[in-house]
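Using the hints provided, position chain Z relative to the given structure of chain A.
There are 2 protein chains.
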Amino acid sequence: MIVAHPEIDNSTTQQFFKEGLAGFDNYEWHEIKQEFEVASERLLLIKADRIVFQFPLYWYSAPAILKQWLDEVFSVNQLDLSGKELGLVVSTGSPSKDFQAGGTEKYAMSEVLRPYEMLANRMGMKYLTPVVIHQFAYLKETDKQQLLVRYQQYVTNEQFASFNGQVNWFVKGLNERVADNPEVAKLLSVLEENEEQRHDLSWNVEQFKQDED
Amino acid sequence: MIVAHPEIDNSTTQQFFKEGLAGFDNYEWHEIKQEFEVASERLLLIKADRIVFQFPLYWYSAPAILKQWLDEVFSVNQLDLSGKELGLVVSTGSPSKDFQAGGTEKYAMSEVLRPYEMLANRMGMKYLTPVVIHQFAYLKETDKQQLLVRYQQYVTNEQFASFNGQVNWFVKGLNERVADNPEVAKLLSVLEENEEQRHDLSWNVEQFKQDED
Chain A
1 MIVAHPEIDN STTQQFFKEG LAGFDNYEWH EIKQEFEVAS ERLLLIKADR IVFQFPLYWY
61 SAPAILKQWL DEVFSVNQLD LSGKELGLVV STGSPSKDFQ AGGTEKYAMS EVLRPYEMLA
121 NRMGMKYLTP VVIHQFAYLK ETDKQQLLVR YQQYVTNEQF ASFNGQVNWF VKGLNERVAD
181 NPEVAKLLSV LEENEEQRHD LSWNVEQFKQ DED
Chain Z
1 MIVAHPEIDN STTQQFFKEG LAGFDNYEWH EIKQEFEVAS ERLLLIKADR IVFQFPLYWY
61 SAPAILKQWL DEVFSVNQLD LSGKELGLVV STGSPSKDFQ AGGTEKYAMS EVLRPYEMLA
121 NRMGMKYLTP VVIHQFAYLK ETDKQQLLVR YQQYVTNEQF ASFNGQVNWF VKGLNERVAD
181 NPEVAKLLSV LEENEEQRHD LSWNVEQFKQ DED
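Those protein sequence lines, which keep their order, are chains A and Z. Note that full-length UniProt numbering gives residue 213 to position 213 of the first sequence, counting from 1, and the numbers run on in steps of one. Note that full-length UniProt numbering gives residue 48 to position 48 of the second sequence, counting from 1, and the numbers run on in steps of one.
Among the clues, some could well be false.
Any copy will do: because identical chains look the same in the list, a pair fits if it lies in one copy or spans two.
[What the hints assert, rightly or not] With a cut-off of at most 25 angstroms between alpha-carbon atoms, the simulated SDA-like pairs for lysine to any residue come out as follows:
id	residue 1	residue 2
1	18	132
2	106	72
3	97	126
4	126	169
5	97	125
6	97	82
7	97	124
8	18	172
Please keep in mind that the hints were generated in silico from the structure rather than gathered at the bench.
Excised from the complex, chain A in its bound form (with noise of 0.2 angstroms):
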């Protein structure tokens, strides 16, 4: 997670994020500061399998800060990235329907962060899908709980978007935190029947489908 917010102690959305990922050890949280040493910065992207950049969206990009570090630290020559993925998170205070044809912002957002999908293509990278946080403060509290269960599989899951991969996630994480507390367990036996359910039903889809070919 590279992390770039000019205040992001005073930022509810990323102290949010920072808090929901508590319990989660397959990531790090690097916060960028305006001085850095190029070197070690490398060394902690070519580790990584996934790299999320998570920022403000300011003037329809980055702040500064990241841009500065992008800069220095990225390079095509001096830094082999191919193969990995890239990710974004963003937040906006603007809502999701000013970024349309027709609306306050004209173009939507793939378009708004295309610099970013340009870079992850010259790089040789994956570029994922982003998670953008439209005005986080007016999200109702369900709202806010089902951000925070997309952004940690954003994060800490690799199969984060499947279907499948999802259950996976949430079956081992369960497993993994709280399967001694019996609640915790029946939903657990619940989820993992429904799964089995659902590859019963898409076994017997796919059968009527060969019989009809």
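This is chain Z only, laid out in the frame that chain A set:
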């Protein structure tokens, strides 16, 4: 001209443009520094009719020094630039053929520069078609001269986008600067004669069209 380059004195491109504006007086050349006063930067912007960001493309956007300046100086509530024009002069080491579907960079330069277009939109400014310079070092001398004239017009000519505006700019420039030279006087009279003929032709074409209706 808001010029942002971390090593401006060593940049052949930037020095080429800077020298190319000698003799014009309706522009201001302003190099962005690490340290600046927000209030005085804003005053400078308020005085201008056309604001042009000039920078080399680093990782598909401006160098960090311009982003820092933008993050602090630009403001929706504290700075009114509505009705002014926003232009870009962007240099890149990659060839223009890379910036298209199927090209190495995959996306057009219009998409790369979307954040600046959106900035203009948000500030109520008119976004001008950017001047993009690909691989300046490899340009032939005649191409450099053509680029220079295009650049001079982009900076100093209110009507740079229309053919008529361009001719007027040439005539005015020649009149002001070198009209006592007989060679130039001849060139000038040819230009003015051509422009008159063009007007006549346009008028005739218009008449034909009306007859057809």
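Okay, the hints, checked on the actual structure:
{"no.": "1", "hint": "18 <-> 132", "in the structure": "within (16 angstroms within a copy, 41 angstroms between copies)"}
{"no.": "2", "hint": "106 <-> 72", "in the structure": "between (32 angstroms within a copy, 24 angstroms between copies)"}
{"no.": "3", "hint": "97 <-> 126", "in the structure": "between (27 angstroms within a copy, 23 angstroms between copies)"}
{"no.": "4", "hint": "126 <-> 169", "in the structure": "within (21 angstroms within a copy, 49 angstroms between copies)"}
{"no.": "5", "hint": "97 <-> 125", "in the structure": "between (30 angstroms within a copy, 22 angstroms between copies)"}
{"no.": "6", "hint": "97 <-> 82", "in the structure": "between (35 angstroms within a copy, 23 angstroms between copies)"}
{"no.": "7", "hint": "97 <-> 124", "in the structure": "between (32 angstroms within a copy, 19 angstroms between copies)"}
{"no.": "8", "hint": "18 <-> 172", "in the structure": "within (21 angstroms within a copy, 62 angstroms between copies)"}
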